[in-house]
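Novice: What follows is each chain in one-letter form.
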Amino acid sequence: MNAIAADMSGTRVQRWTPLSVVFTGGLAGVVVLLAFAPLVLGENSQNNLIQLYFLVIMAMMWNALAGYGGLVSVGQQGFIGIGAYAAVFLSVQNSLNPYLSMLLATLIGGAVAIPVAAVVLWLRAGAFAIATWVVAEAFAILVSLDPNPAIGGGTGTSALLPFNIRYTPEQRLHYTYWASLGAVAVLLLLLFVLLRSRLGGSLQAIRDDEEAAASLGVRVLLGKGILFVVAGAGSAAAGTIILAWQLSVLPLGPDSIFGINWTAKMIFMVLVGGLGTFEGPIIGAVALYILQTYGPNGGVWYFVLLGGIAIAFALVLPQGIWGTIQERFNVQLLPVGYRLRNFTKGTT
Amino acid sequence: MTWVSAVVHGILLGGVYALLATGLALMFGVMRIINLAHGSLALIGAYMAFLFTEHVHVSTYLALVPVLPGALIVGYLLQRTMLERSLRAGQLVPLLTTFGLLIVIANLLQYFFSPDVHSLDEGNIGTASWQVSSSLTIPWFDVLTLGVAVVLLGGLQLVLRFTQLGRELRATAEDADTAELVGINARAVYARATAIAVATAALAGVFYGMRSSFDPNAGANQLLYAFEAVVIGGIGSLWGTLGGGIALGVAQAVGGQINPEYFALSGHVVFLAVLVARTAMQARGFRLTLRGVG
Chain S
0 MNAIAADMSG
10 TRVQRWTPLS
20 VVFTGGLAGV
30 VVLLAFAPLV
40 LGENSQNNLI
50 QLYFLVIMAM
60 MWNALAGYGG
70 LVSVGQQGFI
80 GIGAYAAVFL
90 SVQNSLNPYL
100 SMLLATLIGG
110 AVAIPVAAVV
120 LWLRAGAFAI
130 ATWVVAEAFA
140 ILVSLDPNPA
150 IGGGTGTSAL
160 LPFNIRYTPE
170 QRLHYTYWAS
180 LGAVAVLLLL
190 LFVLLRSRLG
200 GSLQAIRDDE
210 EAAASLGVRV
220 LLGKGILFVV
230 AGAGSAAAGT
240 IILAWQLSVL
250 PLGPDSIFGI
260 NWTAKMIFMV
270 LVGGLGTFEG
280 PIIGAVALYI
290 LQTYGPNGGV
300 WYFVLLGGIA
310 IAFALVLPQG
320 IWGTIQERFN
330 VQLLPVGYRL
340 RNFTKGTT
Chain L
0 MTWVSAVVHG
10 ILLGGVYALL
20 ATGLALMFGV
30 MRIINLAHGS
40 LALIGAYMAF
50 LFTEHVHVST
60 YLALVPVLPG
70 ALIVGYLLQR
80 TMLERSLRAG
90 QLVPLLTTFG
100 LLIVIANLLQ
110 YFFSPDVHSL
120 DEGNIGTASW
130 QVSSSLTIPW
140 FDVLTLGVAV
150 VLLGGLQLVL
160 RFTQLGRELR
170 ATAEDADTAE
180 LVGINARAVY
190 ARATAIAVAT
200 AALAGVFYGM
210 RSSFDPNAGA
220 NQLLYAFEAV
230 VIGGIGSLWG
240 TLGGGIALGV
250 AQAVGGQINP
260 EYFALSGHVV
270 FLAVLVARTA
280 MQARGFRLTL
290 RGVG
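First to last, the protein sequences are chains S and L.
Each residue of the first sequence is one higher than the one before, starting from 0 at the first, in numbering that gives the first Met the number 0.
Each residue of the second sequence is one higher than the one before, starting from 0 at the first, in numbering that gives the first Met the number 0.
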């Protein structure tokens, strides 16, 4: 296999295992298969899958920050909102193609994250958390005060027009489906490559002990900054998909596009799936999707359940579902780390 | 003259924020955690006072008699059941659990009290004010709030300095492990700190509720304002908290004078500006030390 051999009395450093090769290949296959879903599945199923895709993106981005950078953000909804509103601005105000607008809005989300990172990344733990929230609130208020009719101020806005003048509702559904699946695949791959690179190693060092990492020459702020910008762009991408999916957005309130409820969902997904594991957020997104489909969706008890389960996982099962499985069975399906394995003589 | 009035009202408004910030600063000082549910706990205090005034028909001030001891107990239990476990699990877990609590509280309040706004009656003092000049009136209630904040911060300062509990709190804040070596039960000290913090939060929530109307999601803003006051005032100083609260209040009142919609935004902007300034100063200090060494 592709194992990096380091002959130390039968111990090897291994990145790929046969299982992870099969699984990573399998996952790529699943993505290709899912791309054909609009040809087979009905309208409802496609809508449901779009919902699952943006949840997966959100969970991946939040996990990248908290699980790999040790950065608990409660302000990613700021980037979700920026993404959605940037897409509205480009497509409604400037008559750009809505899907091109979504792509550009994702990049705008990443660009906005750069100055924000310069302000908040100096802060530790709780101070970082609340500062990101303040930034998100400031974005929301600024958008709600925008007098531009395309933005709509506090009453919200709709992106129905730019979609409808170009596409039939059926085309819109298909393209939105492919755009969101593409976003999941690209962001998944981007994180996979990032975390397997040198940066992945230094990020884990930062998460485990920031001072020690810095003293060994790890560029702490650069590593965190890269994560923050990627998470900003990814969250903005999720925001654009939400816009294309529900077609109208509101700027203010906990349930709005800038709402704190998105962070509640992100924390739930990552804690349930497994903080700091690559696979965990996908499992967490599926778990939230199941909760939304079969439990109360929206409403008071949904969020009470969401918060309660998140607290329970944080206290009782902090590694989440996938972290626990990983620990017990020593498996890693998507190989982002290094493993030491003892080989008995004669095995390869 | 309207600007003078805005500044004066901002200073008085700072009293509420200092009240809100006290408990947050205390918990951060002793345990190094930021309780994201702090604003929500303040809000529970306001709703409990509302229940008492509604059903027992007592004044809001009398409602503090059952609400504050209740908050002490809630804080103690919160520490013993949830926060203690969170603290053991590292720096990030308390953030996750207190955020979960924030979401649970906001939605339970919405279930029990409806999403509508409520307000608390501030009594006879609510309508009384001192007419300084034609454009400047000072409401006595705002003066009372600021006075309560000063008394609370002063009292806490005295407790920290001169009582056994205060010495234990300071020792544990300095170094919990060493404090344990000299016979302090750090877990009990933490529980008392959280109890006091939640009681001050409830007090702040009641005053906030008398000042302006509140809904189940108001806890988020109360947390942000409290935290902004702590940071602007300088983390780790109780009187700084009062200064930070006043600075935040003035920023909001002056912003609101320019345009009522800028009220909250101008507070956020001043907070972020303070962060940037502090970062820039740190970076400069860092460069200066480097030059000194090289």
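Hints were generated in silico from the structure; no laboratory data involved.
Be aware that a few hints might be false.
Not everything, but these chain S residues come out facing chain L in the computed CB check (under 10 Å) [stated by the list, open to error]:
| id | residue |
| --- | --- |
| 1 | Ala128 |
| 2 | Gln291 |
| 3 | Leu305 |
Derived CB-CB ranges, DEER-like [what the hints assert, rightly or not]:
| id | chain 1 | residue 1 | chain 2 | residue 2 | range |
| --- | --- | --- | --- | --- | --- |
| 4 | L | Val55 | S | Thr292 | 54 to 60 Å |
| 5 | L | Asp214 | S | Thr292 | 38 to 44 Å |
| 6 | S | Thr323 | L | Leu50 | 40 to 46 Å |
| 7 | S | Leu40 | L | Ser212 | 28 to 34 Å |
Glycine is no exception: its CB is placed at the ideal position from the N, C-alpha and C atoms.
Novice: It remains to establish, for every hint, whether it holds in the given structure.
Specialist: Now the hints, each set against the structure:
| no. | hint | in the structure |
| --- | --- | --- |
| 1 | Ala128 | holds, 5 Å |
| 2 | Gln291 | violated, 15 Å |
| 3 | Leu305 | holds, 6 Å |
| 4 | L:Val55 / S:Thr292: 54 to 60 Å | violated, 45 Å |
| 5 | L:Asp214 / S:Thr292: 38 to 44 Å | violated, 29 Å |
| 6 | S:Thr323 / L:Leu50: 40 to 46 Å | holds, 42 Å |
| 7 | S:Leu40 / L:Ser212: 28 to 34 Å | violated, 48 Å |
Checked against the numbered hints above, the structure breaks hints 2, 4, 5 and 7 and satisfies the rest.
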